[in-house]
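Yeah, the sequence shown ends on 601 if you go by my numbering, and it's all consecutive.
Hints are supplied without guarantee of correctness; some may be wrong.
[Unchecked claim] Label-pair distances were calculated between CB atoms; the ranges are:
id, residue 1, residue 2, range
1, K328, D529, 14 to 22 Å
2, R545, L175, 38 to 46 Å
3, H417, K328, 41 to 49 Å
[To be verified] Under the rule of at most 35 Å between Cα atoms (straight-line distance), these lysine-lysine pairs were calculated in the DSBU-like manner:
id, residue 1, residue 2
4, K540, K552
5, K292, K311
6, K291, K335
7, K405, K502
8, K565, K552
9, K403, K291
10, K499, K403
11, K311, K335
12, K291, K405
13, K565, K499
14, K502, K565
15, K514, K540
16, K540, K502
17, K499, K405
18, K405, K292
19, K499, K540
20, K335, K292
21, K540, K565
22, K552, K502
23, K552, K499
24, K514, K499
25, K311, K328
26, K502, K514
27, K311, K291
Hints were generated in silico from the structure; no laboratory data involved.
Virtual Cβ for every residue (Gly too), placed ideally from N, Cα, C.
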Amino acid sequence: MSSVPPSTPPGGMPPPYDPHTQWRIYREQQRAAWRAQRDAWKAQRYAMKAGYVGAYGPRVPSVVGPIILVGIGIVGLLMYSGRIAAASFWAWYGHWWPLLLIGAGLALLGEWALDLSRAAPVRRSSGFVGILVLLAILGAFASGWDRWGGMRGDWGDHGDDFFNFFGQPEHDFDQQVLSVQIPANAVVEIQNPRGDVSVTAGDGPNIEVQSHEVAFAGSDTDAKKIFDAEAAQVTVSGTAVLVKSESNNSGRTNFTVTVPKTAQVTVKSGHGDVTAAGLGAGANISASHGDVHLNTIQGAVQVHFSSDRGDFSAHQVDGDLTADGNCNDLTFSEIKGKVTLNGEIFGDVHMENITGPVHMHTSVTELELAALPGDLTLNSDDLRVTEAKGQVRVVTHAKDVDLSQIYGDTSVENRDGRIAVEPAGNFSVEAKNQKGDVEVTLASNAKVNVEGNTHNGDIVTDFALNVSGDENKAVSGRIGSGGPKVYLSAENGDIRIKRGSELTSAPPAPAAPAVPNAPHLKAPKGTASQPVTQ
């Protein structure tokens, strides 16, 4: 066999080298390789669009990711619209976030069981795993922050003794009493970033400030520097009086302040409790991290809480009382003005002997009373009112509502709980429950018109009323000679109309008029679903 290439001429010499021809051949080879690679990519892309990934079978998307995104969007919309309080949601989420992982795992198990019945193997998308990890981290952070807040409260002075954990000894020092004469009707502002504040009223014209300082330092010299930095100062400028201590993270200062009775007092507290008694011109208190206790106050009182959730008690306040922000337990008694609460309540509420109207608004409960000569208790499970005068309106959920001795018209809306109403006379009653029983107790000699309906429930009545229907039951009729309307509705629950004792005398007139411009009894629903608040 000849070793001469076919292109070699008969003489055996190769053709002369042509660089243009060689470059053209190389370029054609590169183009052919690129076209082959492009066709391979197209074929692979078309196969993925059709659901095929080679030997792994079709790629099927998981429903877990879209469900998580929809849930995040719904929660964000509710928070943006104000139907869910952000603080309440994160507190709830920090407690229940593991349920998210459990739900996602159950959904994946369901998809796995469904895939077993397929003829061809499938491959599930896992692009949502990053979202789950992020939500788990947020849940752990929210849970840790909520527990950290509780620990801070247990350490005393809301975390200031934290420095003792680093081995810093505690030093105490009582500053010399500051006594300064101030003008009549002065406006006194007390600023204390770290430490308790106690304010009382005296008979003299002077303001007196007793300051007990605490420092955490390794030596007396370092402690003295802290004492000098956080020492109390009194500044008088016209009728404005400022009592102030500088913030120092290595210590705290406890104030005991005595002011003239005519002084208007404002307290701005950082980390510490506030106590006020005997003031004669009201008080305005801002407590970022601490409790507030008031006793025997003349004039209006305003209290502002932050997210730290301190306790609040007020007794014998001769004026309006307004509180906003997040707090734990509330205890009010002998309030002779209007009581207005706006914020989240994470503890128990007890009120009694409130002469003026009561308005409470949280993300869970909306309550309005014209006057409360009796008492009210509220917690995570129950809302009970005993003896109220004037109009009563309640909108809530996930609670048992019990209203008794109500001398006025009543409107209640609830779900996932029970409603029980006992009017103390011939007053109108409107009770609507989406999921739960409705019970009304009427006097044996009452004079009212009754209407009611229930779905998937029974109707039981002690009076001669007309009851009709099977799955959807209705009740109607007149008791006595008729009068105000009693309307009862239970979407998924029973209706009970009970006979109470006989009215022996006319009910007393309301102690206070209804709130001016108060909403009508049939106010629209607007509370959010947050079980961690009242």
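- Query: Which of the listed hints are not met by the structure?
  - Reply: Hints 1, 2, 3, 9, 12 and 18 contradicted; others consistent.
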